[in-house]
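Residue numbers (this note's numbering), protein chains in the order written: chain A, 1 to 277; chain B, 278 to 457; chain C, 458 to 1029.
Calculated from the structure, these hints are not laboratory results. Heads up, a few of these hints could be off.
Cut-off 25 Å, straight-line C-alpha distance, at most; resulting in silico cross-link-like pairs (DSS-like, lysine-lysine) [said to hold, decoys possible]:
id	chain 1	residue 1	chain 2	residue 2
1	C	K580	A	K234
2	A	K233	B	K380
3	B	K445	C	K889
4	A	K234	B	K280
5	C	K535	A	K194
6	B	K284	A	K234
7	C	K805	B	K445
8	C	K580	A	K231
9	C	K812	B	K301
10	C	K812	A	K233
11	C	K531	B	K445
12	C	K872	A	K200
13	B	K301	A	K233
14	B	K380	A	K231
15	C	K580	A	K233
16	A	K200	B	K280
17	A	K200	B	K284
18	C	K805	B	K301
19	A	K200	C	K889
20	C	K872	B	K445
21	A	K231	C	K531
22	A	K13	C	K477
23	C	K831	A	K200
24	C	K535	B	K280
25	B	K380	C	K889
Just so we're clear, the structure is a prediction, and the values are computed from it rather than from any experiment.
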Amino acid sequence: MAKVAILSYINRKSLVHELTGTTKLIFFILWSVASMVTYDTRILIGMLFISVLVFKASRIRVRDISVVLGLAAVFLVLNNFFVYLFAPEYGVEIYESRDVLLQIAGPYTITAQQLFYHFNMTIKVICVVPVALLFIACTDPSEFAASLAMIGVSYRVGYSVSLALRYIPDVQREYQNISQAQQARGIDLSSKDKLFTRLKNSVAILLPLIMSSLNRIETVSNAMELRGFGKEKKRTWYVQRRLKRNDWLVIGFVVIVLVVDLVVTFWDGSRFFNPFL
Amino acid sequence: MKKLSVKSVVAIGIGAALFFVLGKIAIPSPVPNTNISLQYSVAAVFATLFGPIAGLLIGFIGHTLIDATSYGPWWSWIIASAFFGLVVGFATMKMHVEEGVGKKEVIFFNVAQAIAHVLSWGLVAPVLDILIYKEPIEKLFAQGLMASVSNIITTGVVGTLLLLGYAKTVVKKGSLTKED
Amino acid sequence: MAEPIISFQDYGFQYTAQAKPTLHHINLNIYPGEKVLIAGASGSGKSTIGSCINGLIPFAYPGESTGKLTVGGKDPLKSSIFELSHTVGTVLQDTDGQFIGLTVGEDIAFALENSCVAQNEMKRIVDEVAKLVDIDHHLQYAPHELSGGQKQRVSLAGVMVDEVKVLLFDEPLANLDPAAGRTTIELIDMVQERTGAAVIIIEHRLEDVLWRKVDRIVLMDEGKIVVDMPTKAFLSGNALLEHGIREPLYLTALRYAGIPITEELEPQHVDSLRLTGQQIKMVQDWYHRSGAKQEIQEEKTELLKVTDLCFGYTPEVKNLRNVSFTIHKGEMVSIVGRNGAGKSTLAKLICGFEKPTSGSIYLEGRDISDDTIKERAQRIGYVMQNPNQMISKPMIWDEVEMALLSGDMTAEERKERVEETLKICGLYPFRKWPVSALSFGQKKRVTIAGILVQRPQMIILDEPTAGQDYHHYTEIMEFLKTLNEQGFTIVMITHDMHLMLEYTPRAIVFSEGELLADTTAAHVLNDPDLVKKANLKETSLYTLSMKCGIENPQRFTEHFIEYEKEKEHQAK
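Turn these sequences into a full structure, and let the hints guide you.
Given below as structure tokens:
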């Protein structure tokens, strides 16, 4: 199996790291909402600018996350390509004008409106990427569960997230071991076989993986019950941190961003900023 | 809402870990950009075993972790994944896999997973994409159709075999004696 | 005497899924501050007793019970698993399953978090307990950064935060290397001394547990208690071998020398043994009766040759460094060393699961570097340590047959081969069972069967006897020996020093990715320096020979093994 590129916690000292997990979680959620709501170019550019600043402040280097950035780029390029393939005149429809820049073939022309739409769509995604990556890279996974509980999610669900993070490396190692052992017994997932054979072969790996996961579920839930998980309505957290001044400032800031975003976006009844009219 | 049992909490956690790992290990497929997603087979089996809430959270947590560690979250598809788990879980609530899986159960499971896939990728994901990302309808439904078809086939084959395998592995009451 | 903290009175239990009861007429009292070892072969019901004590029965495993049981004065049926957890702290066999938190600190705090203890108080208790089990310098570590022994310390700390009155250990030695196992036993002893809790250890590795004082031994067989005696009296009897448990080696040696085991001998520990001058003479005489070492020089043909092998999972880490050795046809070899020394990595390289960074592997003189996993698998079989990772068919028969399906055997030939293999592995009566109904040890045998069915030239087994009691251990090892006698080459990665001594003339020792020694098994265990470096453990035979003034402990050990084989041979 090729080594899977996974972004994980990078422990450094920075302003972003010092914020509590709760703050970062709130920031991440509200920031995502803000970017989802709007298509206003001015806001999006503003948000992009801020997220780059936050990235600088985190002391995470571009090369730490280069693989992930590459994946994001591929994803964006493909998404843009498919949008254009299926709807080359979509920009014209949205911005209610048509300035042809280049004629390609058949229905495919390049218009200024379409380009502008693609530009907006792209930065709409890009302005969330650094924040999302930082949320993962700068938040101690131990803090996730406590942070979710802080914002009102049931601690049981929070603990599920924590368990997922705890057992991902184990499940991954197990998958690898199983697939190696099965290859030695003639089970192969490589692309030589037909699709149906490959699907059937994948069962020879997945069934042991699932059965051993069910075993694991039993052991882990026994261990948790034996140590009193779920006996009280609440629970305390070993890793939880109190919100400090900076945390409140950041939360306040992201709330303001969201409010401005909502106001500007819906003031004129359109999510789009239209420079063409 | 009834609170989750400890076993459900663990099942969600480990189910999400499986979802994540399988989602990251995409089997290459002949059609570019449409990987064979084994994670939905596992999600469907877990939803059948542990119920709709588990299905919902496995899809949600698993998909969020995949997205967040690769290119930032694409919320509409995350929600669609969660919805898939929820629907399969609901539809199979009356099914008792521990008591054996026959033809009836296999058909039922497959109808449930097919409906859940069609709703998730043909309806929930594109509608949210329109609302959130304002993408063109033509592209979204083409994408949704492709995803539905490939996922239904994958879950139909792999999910069914896993379910059968699981049922045969479960020990029935008082059924075991040694043979010479 | 004080009131027992745990009391079984004519207690019986039947799991819902089983046709017959697992426990019958159990009468057992455990008193505060006692240390009790519950021994028994696998399937004897010893783990079920553990589950009754900590409340997993009836709360997690439904079933029907008869008779009476009280834990801490309460009837578990009328209590809850949470309430019981304040009385009984359980350390499970599977240290990875028990390690729930993302870091050591969180995991130790887990029970406190659930009881809503305030954070300051929680940190204080965690620090205190962590110091007690000597894991306080690792509070920030994630589970995969810890060794098996360290994880077990964390598990122990995690149940100790509750100030429990009973500490229950379910097969604590199963996943540990010899030195770590010894440390664990010392740790349990120390913790008991400090806390005064009653300790119950469920284990079949008797000699290892007896490394520290045990008050009482309870022996189980077929769901019943067959012996319940103070350690000294217990060891003086003959109960052990009849019930599939291995007697401590030094006692066996004394018996061979013609010395009856009595309580006056202080037989509970090799260091406590009180031998009279005459008895020492008897041991010496027995030793001198051994003939000269039989050097059988056989014609050796090279089968597998590894030269200058280097490998690292990441570029920074070197998991293997310049490893070279040769395995000859028909050999039976042990590969030993601590967890993480590179033993399993080596097996993966030989099977082609991983590609070496440099160096080559030859099979019968041919470089197999370019062979695929599948091609190599026809000739080198690999049996993984954890059976759950290999079993992919629900039914035993299908699982064993699986590897044959891609070959060109007829259905009739396949049936014959599978039946033969199942018989050899003692699984024939279970052939129509689902795999899930088997114990861990039985599953292991299924996976060995699944590989053996292909009859490869060479088999690599990762910990073939982990989790097996003496009976099944002997059965599997004897089976592997007969295979070996038929000309199959067998390589075993193992922690089991008995296995290495008894079955493999040659041992290859690894430490931190390097080949430390390639010599005879007896030599390895009688070289204190090597033992220490590789995290192994000298046998009690070594200590006994020193005690008896025998100048050559290695020869003494060899004599013991030869004598044992001779005896077995005569018995046949």
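Going through the hints against the structure:
For a cut-off of 25 Å, the pair hint linking K580/C to K234/A stands: about 18 Å separates their Cα positions. About 43 Å separates the Cα atoms of K233/A and K380/B, which puts this hinted pair outside 25 Å; it is violated. A C-alpha spacing of about 12 Å is found between K445/B and K889/C, which places the hinted pair at or below 25 Å, so the restraint holds. Taking the CA atoms of K234/A and K280/B, the gap is near 12 Å; set against the 25 Å cutoff, the hint holds.
At roughly 58 Å between alpha-carbon atoms, K535/C and K194/A are farther apart than 25 Å, so this suggested pair is violated. A C-alpha spacing of about 18 Å is found between K284/B and K234/A, which places the hinted pair at or below 25 Å, so the restraint holds. Only pairs whose Cα atoms come within 25 Å are accepted, and K805/C paired with K445/B is rejected, the gap being roughly 31 Å. Restraint check for K580/C and K231/A: satisfied, since their Cα atoms lie roughly 21 Å apart, inside the 25 Å limit.
Of the supplied pair hints, the one linking K812/C and K301/B holds, its CA atoms being roughly 22 Å apart against a limit of 25 Å. Of the pairs offered as hints, the one joining K812/C and K233/A is violated, with about 52 Å between alpha carbons and a cut-off of 25 Å exceeded. At most 25 Å may separate the alpha-carbon atoms for a hinted pair to count; K531/C and K445/B exceed this at roughly 39 Å. Of the supplied pair hints, the one linking K872/C and K200/A holds, its CA atoms being roughly 23 Å apart against a limit of 25 Å.
At most 25 Å may separate the alpha-carbon atoms for a hinted pair to count; K301/B and K233/A exceed this at roughly 36 Å. Between K380/B and K231/A the CA atoms are separated by roughly 41 Å; this puts the pair beyond 25 Å, and the hint is violated. In summary, the hint linking K580/C to K233/A is supported, as the alpha carbons are separated by about 21 Å, within the 25 Å threshold. Simply put, K200/A and K280/B have alpha-carbon atoms about 37 Å apart, too far for the 25 Å limit, and the pair is violated.
For the suggested pair K200/A and K284/B, the alpha carbons sit about 29 Å apart, so the restraint of at most 25 Å is broken. For the proposed pair K805/C and K301/B, the alpha carbon gap of about 23 Å is at most 25 Å, so the pair holds. For a cut-off of 25 Å, the pair hint linking K200/A to K889/C stands: about 23 Å separates their Cα positions. Between K872/C and K445/B the alpha-carbon distance is near 21 Å, which keeps this suggested pair within the 25 Å criterion.
Restraint check for K231/A and K531/C: satisfied, since their Cα atoms lie roughly 19 Å apart, inside the 25 Å limit. In summary, the hint linking K13/A to K477/C is not supported, as the alpha carbons are separated by about 61 Å, beyond the 25 Å threshold. With a C-alpha separation of about 18 Å, the suggested pair K831/C and K200/A falls inside the 25 Å cut-off, and the hint holds. Taking the CA atoms of K535/C and K280/B, the gap is about 23 Å. The hint holds against a cut of 25 Å.
A C-alpha spacing of about 22 Å is found between K380/B and K889/C, which places the hinted pair at or below 25 Å, so the restraint holds.
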